[in-house]
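J.: These are the residues of each chain, in order.
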Amino acid sequence: MFSLESITTIVQNWLTKTFSPNLALFFEFVIVGVLAIALFAALGLVLVLMERKVAAWIQIRLGPNRVGPKGILQSLADTVKLIMKEGLTPDGSDKFLFNLAPFIVMMVAMLALAPIGFSKGFHIWDINIGVLYVSAISSVSVIGILMAGWASNNKYSLLGAMRSGAQMVSYELSVGLCILSIIVLTGSLSLNDIVLSQQNGWWLFKGHIPAIISFVIFIIAVTAETNRAPFDLSEAESELTAGFHTEYSGMKFALFFLAEYINIFIVCAIGATLFLGGWMPFHLGTWEGFNHIMDYIPSFIWFFGKTFFLIFVIMWFRWTFPRLRVDQLLNLEWKYLLPISMVNLVIMTLVAIQGWHF
Amino acid sequence: MIELIIWKTDYTYMSKEEIKTAISELLPTAVFDETGEWLNVQIEAGEWKDAALKLRSLAGLSFNFLFCLTCVDWKTHFTMVYHLRATASLDDIVVKVKLDREKPEIATVSDIWRTAELLEREVYDLFGVIFLEHPDLRRLLLTDDWVGYPLRKDYEDPINMIKL
Amino acid sequence: MVEEIGKTVEGDLIINVGPQHPATHGVLHLVLTLNGETIKKVEPHLGYIHRSIEKMCESLSYRQFIYSTSRMDYLSAHINNHACALCVEKGLGIEVPARAQVIRVLMDELTRIASHELWWGAMAMDLGAFTPFFHAFRERETINDIMEETCGARLTMNYNVPGGVMADLHPNFQERVKNFLKLYKLKIHEYDELVTGNIIFQNRMKGVGYLSKEDAISYGVTGPAARGSGVSSDIRKLYPYEIYKQLEFDEILETEGDSFARYMVRLREMNESIKIIEQLIDNIPDGDFQAKTKAVLKLPKGEFYQRVETARGELGVYIVSEGGTTPYRIKFRSPGFSNLSALDHMARGGKIGDLVATMGTLDLVIPDIDR
Amino acid sequence: MFIVDYIKDIYGAIRSLLVGMNRTGYYFTHHKEIITQNYPENRLELNLPERFRGEVVMTHDENNEHACTGCSACELACPNGTIKIINKFDISPEGKKKKAIDTFVYHLELCTMCNLCVDACPTGAIKMAQTFEHSVYNRGLLTKQLNKPGSKLKAGVE
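Residue numbers (our numbering), protein chains in the order written: chain V, 1 to 358; chain B, 1 to 164; chain U, 1 to 371; chain C, 1 to 158.
Some clues are possibly wrong.
What the hints assert, rightly or not - Computed list of lysine to aspartate or glutamate pairs in EDC-like fashion (alpha-carbon distance at most 20 Å, straight line):
1. K298(U) with D119(C)
2. K351(U) with E237(V)
3. K301(U) with E37(B)
4. K153(B) with E54(U)
5. K153(B) with E322(U)
6. K213(U) with E117(B)
7. K90(U) with D154(B)
8. K237(U) with E37(B)
9. K70(V) with E33(C)
10. K90(U) with E37(B)
11. K298(U) with E37(B)
12. K301(U) with E34(B)
13. K292(U) with D168(U)
14. K206(U) with D5(C)
15. K98(B) with E43(U)
16. K335(V) with D9(C)
17. K351(U) with D327(V)
18. K335(V) with D5(C)
19. K155(V) with E54(U)
20. K55(U) with D136(B)
21. K41(U) with D136(B)
Read the hints as simulated data drawn from the structure, not as lab findings.
Could you put together the complete structure from these sequences and hints?
T.: Written out as structure tokens, the structure is:
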């Protein structure tokens, strides 16, 4: 069975054998950094193309089909275009904050990548408070957006940033509660432990109806937290032209754009880890034969398959629904999602205590 | 196969005479002209505001819908043309007010028919008619620093106007 | 805060929406005075696409001026031409052959459907749903193809001439219209699935941009926007022209007066147009498609007013003739202009998102407003 | 009951959203519904209706003869001064001076394709062509001379 774990072990052993421990650690950092950046670039290209293709097919169009075979080089061409563009800094803007904001958003997206298990034994940092870490880090990105909106010296940007602030702060609550309902079952904050606890079935199926409810709420809330349509109020094209990144152009805009997609990837990866078993293959209780067949599919394929399925669902939302209004957005959170997820958490706790789950 | 009739012009639901009697009681000084499609009522500029209020509140035949407001430059004078409709009975009248070309001033009706606010601004913009007591009389279509009133017959613009 | 609505105070946010903005569908410029997200005042600044068509028409002959009116409300270009042709015919006393009347009405209704399709897609796009736009264009394209085949152009058809239409119907016309009707009936339920029934959409539209019946009349609002407030204003019913008197169709009225009512009026109006087309498509009478007219048209001295129902409301053509070959003064009472004047009243107290929804249901076409 | 209404609300909302997703999901999986035309590739199959108005052209037969007498009816009919006709005087074989067309100037950039000139033409010399790819790099190229060089009036056309 092919596994990424063996590769990491080989590299690790070779590094520790060849260099002193400090130097080995440094090289590991470099390798991880390069890999993370490479993953970012690859994800950006793939997700942008995927979004455009999904949009096109839903909209009975063909989508990008000119650059490269079947248009697969389209996002590469876009990247080249964005790099070549002049990065404007508007007059009257706070230049330092204006230029800093895209990097903050980008860094947050990068940091949140650390505890995610991509494959069996393949994560950057198996931290024992992984879930807490991710939810803490991801709320920093609102600072980047507020910074961008404030520093742009543009009223559209400011309105967009304010909307985004209100939106992210409130939706974080229900995301947290949904995550908690799984933590209650697993009893661990480590993402690796959560994956391992789903050896005999995913929590979505094991946790009865409460798990399904918290999964649905989780998907809705993370869609809002990543500022995706139908919750894209901070960009709201038809209202605020482009919201907080109205004044950005060139590579600085590309960083916002990339960060949006990376954030989607991260929240979907978290969702896949919590509810769909991360890299854990699809196991059905005690059906040994079936489980063996499933084990033959490499674990990173399971992980990326689940994550991309969730990303597709979020894209599906985007190209189907109209946008909510700003007060309706907050109504949805405070009147519907939050009470439901609170009640749901109580029920889930009861399930966990009584051991009613499978 | 449906029956087809030849197109006819007169769809007024009340005869011109009836409208005329109803209005002439209200506005004794008005001059009537029945040659056109609808009843034309000539009103002096000074009496227009009162007349408009009366027409708006005429019992049973309230002309509550101002569907067209414009001005015609007759080279010697301006004529303000108000097309009014009573939405209850679907009768139309045309009110005409003669204005002095040198000093075109008329009372606004934007408080009686709200639609007049923009329409009067347009007429001010293109003809230079001053609407007294208009809440916000500024140029609407042209830029604020435009010189002249383009729809006047003596307006000349050598750059933008093309004579065929 | 509420009592301050309409008054600018220090600390208000003033935002320019337009002249280049995704929601204004053209070069409309609105100056919003905001308190946070709440709109206190909307002030339209017009004229970015003002071409002074009225002045131009004063130097064009009665045959020529019809074509410039296609460029006013470009989405109902054929209906604009129709109004002008009717007005000239009224002045000249020309009797239009029955066949030409039926052709004109058929084209009018096709134009109306095409215009409402575009409005539907564009309005959904205003609210953030991009997909309906493309789905609406699928049906609209079919109409455009029919237009292209018979009239020779897709958008600015220039098919009306004084006395009838420019050319006879294309032999394929009936078949293609029937194909369109089939396609329309196959796809119309998707409009409800995608947009009308959607809970987000309904929440965005219901109770937003309220316009009472009295205000609608006072602001001179016509067309679907007025009918959403319960004002009976369908010129086809009230002052029937051409053959509308013999046709069986309903005037759609909704009484809620909010954006959703206006939306439903337009959606149901498309079905009425389909009904009209179905009545006429197999009953096109034989005969001439154009009455015999003189080469040079001269309207008698006098004033002529003709109104028709475009996709946006009541279009009036007011011709003042001095007996010459060109009109002395011409005035187009455009529906968009009057509908726009109610926007300030409707948007006050709402959010920016409400303004977009309200603007979408008013269905503003900017060249129609500026002329 | 408040709680029943609350749950009903949620049920109705989710149902309406799923209906929409079902529709878009249908189009996502049914690629035969795609209506995009690959324009430059399908240029050869493009079938424009014969009435489509792309630009005004003058028909010439194989002897390089046209039917334009230079009566300038089209010039008068045009609403925006698109057509300009420059006449010259030919000497006919009998020695009589005869008006004939020298240059038929057509400003494509001013043309609104209203078809009035074609309607006005008494001899059917001009017609609308179905071309639509009018982009050029130089605006001057849009001013065209419709009568081909060296062409002359068809015999029998008055």
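J.: Broken hints, numbered, in rising order?
T.: Per hint list: 7, 15, 19, 20 violated.
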